[in-house]
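**Student:** Chains C and Y, in that order, give the protein sequences. Per my numbering, residue 44 is the first one in the first sequence, and the count goes up by one each step. Per my numbering, residue 44 is the first one in the second sequence, and the count goes up by one each step.
Derived from the structure by calculation, the hints contain no laboratory data. What you are looking at is a predicted structure, and each value in this text was computed from that prediction instead of being measured. Take these hints with a grain of salt, some might be off.
Pairs involving identical chains hold if they fit within one copy or between any two copies, as the list cannot separate such chains.
Said to hold, decoys possible - Using 20 Å as the maximum straight-line C-alpha spacing, the simulated SDA-like pairs for lysine to any residue come out as follows:
1. K126 x F70
2. K92 x D76
3. K66 x D135
4. K126 x S69
5. K176 x G194
6. K85 x R118
7. K209 x D142
8. K126 x S143
9. K156 x H186
10. K156 x F70
11. K126 x I153
12. K208 x G231
13. K156 x Q74
14. K176 x R52
15. K209 x D169
16. K208 x P61
17. K66 x L48
18. K126 x G62
19. K126 x K147
20. K156 x D56
21. K85 x C119
22. K126 x T149
Number of protein chains: 2
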Amino acid sequence: MQMKLLQDRIRRDGQVEPGNILKVDSFLNHQIDIELMDEIGKEFYRQFKDRGVTKILTIEASGIAIATAAAHCFRCPIVFAKKTKTLNIAGDVYTSRVDSFTHKTTNDIIVSKRFLLPGDRVLIIDDFLANGKAIFGLSDLVHQAGAELVGAGVVIEKGFQDGGKKIREMGIDLHSLAIVDAMDPVTGVVFRPED
Amino acid sequence: MQMKLLQDRIRRDGQVEPGNILKVDSFLNHQIDIELMDEIGKEFYRQFKDRGVTKILTIEASGIAIATAAAHCFRCPIVFAKKTKTLNIAGDVYTSRVDSFTHKTTNDIIVSKRFLLPGDRVLIIDDFLANGKAIFGLSDLVHQAGAELVGAGVVIEKGFQDGGKKIREMGIDLHSLAIVDAMDPVTGVVFRPED
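Kindly generate the complete structure, drawing on both the sequences and the hints.
**Tutor:** Put into structure tokens, the structure is as follows:
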């Protein structure tokens, strides 16, 4: 089930811009609506509360507020992967390479080996899913650590790109709170119908 | 009053490294302890709850979790300033220049003009205060917007650097949850005595 409160908010305050950009910076990733954030955290908790989550993994910067709201329900630590332009080859970090759709850049993402452990049951949280590269990168860090990936929670999935499909085909339990199947600067967004 | 729970945690899990680096990445700015974060949020609320705060302003990335925990108490939106290497001269953002002590870099920080408004009563939140440049930069953005700065809440102040002194001399109501007056890799940290 998608989250109606979020869909309504995207319809009201989201701006579709040319180049398949969905701008939600008035409530999700520049200014952040704390009421919505709390509801998003609760929704991820409802979805994943039975998985024994020991750690929430996200990526800076806009994933952090969402992960914090979720952790408020899960009562487990958050770890955020850091983006770096220069490959950090110090032996104390896991690293993976991520291309950003939005920013047209490539970053290495890193997490200290001290914060992802073999016994961890990790829930990945992020704001957007487009081509899936961020989730693939985070998932790669989890596997490098020998930890278990129990699922991935995404606020907005761009369903017209193939990231969500690929991630589901990999067997990752992906839950997106809103799935945008089409969008247009004039006519707005179309959400995926529920099964 | 400083926050004893935080001081104890810094004593237990903080690592002092050469070059006046206090590493708190196991609970504050890489892995984040949600229990501590909730208490930090409540503490900032106790301190600033009577100021009519309409917006919490922080800076990516590590300020975001702290601001989210605080906003959870204040029930107001968070705005996080973004760091950029290239001066964004589009007319729709406020911008200020910030030197980072930790990273030895200079960034421009930007906030969309849509999210800081003349009527806003802004509380600045950040993880560290050393030379004060981040707070000065954020304060500058607030003033450019014609908004009112009602205070600044910092988790850890390096009291042996002059940022805190300068900010207090500017008349900003600064509240630091822990003030480190001295630190050493062998003997650890010394907190400022309460008045």
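**Student:** State for each hint whether it applies.
**Tutor:** How the hints compare with the structure:
1. K126 x F70: Close across copies (19 Å), not inside one copy (23 Å); limit 20 Å.
2. K92 x D76: between (23 Å within a copy, 18 Å between copies)
3. K66 x D135: between (36 Å within a copy, 15 Å between copies)
4. K126 x S69: Classified as between; 18 Å across copies, 23 Å inside a copy.
5. K176 x G194: within (16 Å within a copy, 39 Å between copies)
6. K85 x R118: Close inside one copy (12 Å) and across copies (16 Å); limit 20 Å.
7. K209 x D142: Intra 16 Å, inter 41 Å, cutoff 20 Å: intra-copy only.
8. K126 x S143: For K126 and S143, both the intra-copy (11 Å) and inter-copy (17 Å) Cα distances are at most 20 Å.
9. K156 x H186: within (12 Å within a copy, 41 Å between copies)
10. K156 x F70: Classified as between: cross-chain Cα gap 14 Å, same-chain 33 Å, threshold 20 Å.
11. K126 x I153: both (7 Å within a copy, 19 Å between copies)
12. K208 x G231: Neither: 23 Å inside a chain and 51 Å across chains, both beyond 20 Å.
13. K156 x Q74: between (32 Å within a copy, 11 Å between copies)
14. K176 x R52: neither (26 Å within a copy, 36 Å between copies)
15. K209 x D169: within (16 Å within a copy, 38 Å between copies)
16. K208 x P61: neither (23 Å within a copy, 48 Å between copies)
17. K66 x L48: Classified as within: same-chain Cα gap 17 Å, cross-chain 39 Å, threshold 20 Å.
18. K126 x G62: Neither. Shortest intra-copy (24 Å) and inter-copy (24 Å) distances fail the 20 Å Cα cut-off.
19. K126 x K147: both (14 Å within a copy, 17 Å between copies)
20. K156 x D56: Intra 39 Å, inter 16 Å, cutoff 20 Å: inter-copy only.
21. K85 x C119: For K85 and C119, the Cα distance is within 20 Å both inside one copy (14 Å) and across copies (18 Å).
22. K126 x T149: both (9 Å within a copy, 17 Å between copies)
Violation of the numbered hints given earlier is confined to hints 12, 14, 16 and 18; the remaining hints are satisfied by the structure.
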